[in-house]
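> Line by line, the protein sequences give chains D and G.
Those letters in the first sequence? Residues 1 to 157, per the numbering used here, in order.
Those letters in the second sequence? Residues 1 to 93, per the numbering used here, in order.
If you are wondering where the hints come from, they were derived from the structure by calculation, not from laboratory data.
Careful: at least some of the hints might be erroneous.
[To be verified] Selected chain G positions facing chain D (in silico; Cβ < 8 Å): (1) 16; (2) 20; (3) 24; (4) 34; (5) 38; (6) 41; (7) 48; (8) 55; (9) 56; (10) 57; (11) 58.
Where a beta carbon is used, it is the ideal one built from N, C-alpha and C, also for glycine.
Listed below are the residues making up each chain.
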Amino acid sequence: MRLEYFQLIDRIVDLNLADRSISSEAVVPVENTIFEGHFPGFPLMPGVLLIEAMAQTSGWLVVAMNQFKRMPFLAQVKDAKFRTFVTPGQKLAVSAKLLHEGSGYAVTAAKITLAGKPVCDATLTLRVMDFPNAEVSEKMRETAARVGFPTEVAVNG
Amino acid sequence: MSSTYDTIANIIAETCDIPRDTIKPESHAINDLGIDSLDFLDIAFAIDKAFGIKLPLEQWTQEVNDGKATTDQYFVLKNLSARIDELVAAKGA
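Same shape as in the complex, but just chain G (with noise of 0.2 Å):
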């Protein structure tokens, strides 16, 4: 995997402590690793440093409200990661 993926497996590892090997790219952060909104607000935090972007939370958890995109789509890892790939492209432009 990219090591957009790394290094948020890493970051979710410390902040959350959950072994590294049990954290996969197919993995869901709420629903496979238990992730609670608090410590996302940590994991939002590092990656937001790691990449320098500001991650949109706020507008995801809407679209997932209102029916216009799933969890799966935002919070699989390996999805979150080709989101941050997009993030730091478009920051980049």
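So that you can see chain D by itself, here it is in the shape it has in the complex (with noise of 0.2 Å):
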């Protein structure tokens, strides 16, 4: 996790199409300026970046039925709910399971858990859309090696 550049999964676990699912993985920095300030002699992780690694991880599975032809954007969270504190250094399992895939949007229940402990969950909807330009593109496969995309299925898009 590289707080400071927005990158909150830290490695694609399993990607599995046929199922509609992805689990990914993402550790807490121990250091991170967010937790000078959230909270100042009690470091949380905040639960709006729980929510974005949701996000991250529903991304690449839907960037993954796109084959990377088209993008998501975060466009709604529902009934996001935290179960419990994360504190720096831990190491969370994301994962998220296709609901829905429409025109133009796809829905997500996605989930993460600690050592198989609930930690949040939500239901998440993202608009698809063609890239805004190539550099995004691009810039979004050098990502997808990065995180250990599944490189057959970024080949084939």
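Please assemble the complex out of the two chains, which come individually in their own frames, going by the hints.
In structure tokens form, the structure reads like this:
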């Protein structure tokens, strides 16, 4: 996790297009300026960033399903629940399953667990649109390589 | 009106918190009911689920943008209802 670059996901652990599901790993940094404010003397991973981790994981699933031809944008967060605190250094398991693929949007059920215990969950809606330009598309592929996106899916795109 | 109309009127009333009796077959979802694009995603999701279809929102938007269709054809509720019936019939064909 590199919070200063908004990189919430470290590694895609599994991508199953048949099951329309994905799981990823995200390790909360031990030190970060965010923790100086949230909260002084009691560092906690902000809930909004946990949502972002679920959104990025869901996003890779949508990218895979669209074979890198289209790009997801977070549009809606429903029923987000934070069930326990997340602290610096913890290793999170993030997962998402596609609930519905509509015309120009996708809905996922996403969750985060910590050592098998639920941390948070939400239903996310993502708009699915054409890449705004070639640079974004190229950067998406670079990021895919960084997070270990399965190359056979990336190559087919 | 058809049960399709009633279903979508109920979906809109619930999703957008619009009093059910203000929703009419002649209502335009955007111009009369003030439904924005984000709410429409919710409505599309609920319609897709209720009817087992995929509302072709992108295709409709493209047709409107290209001047090949008017928003009335897709977003006046009695017309939306007819489009849904066509999609359901096409699925079963």
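> Now look at each hint and say whether the structure bears it out.
Status of the hints after comparison with the structure:
no., hint, in the structure
1, 16, "14 Å, violated"
2, 20, "22 Å, violated"
3, 24, "26 Å, violated"
4, 34, "18 Å, violated"
5, 38, "6 Å, holds"
6, 41, "5 Å, holds"
7, 48, "6 Å, holds"
8, 55, "6 Å, holds"
9, 56, "5 Å, holds"
10, 57, "4 Å, holds"
11, 58, "4 Å, holds"
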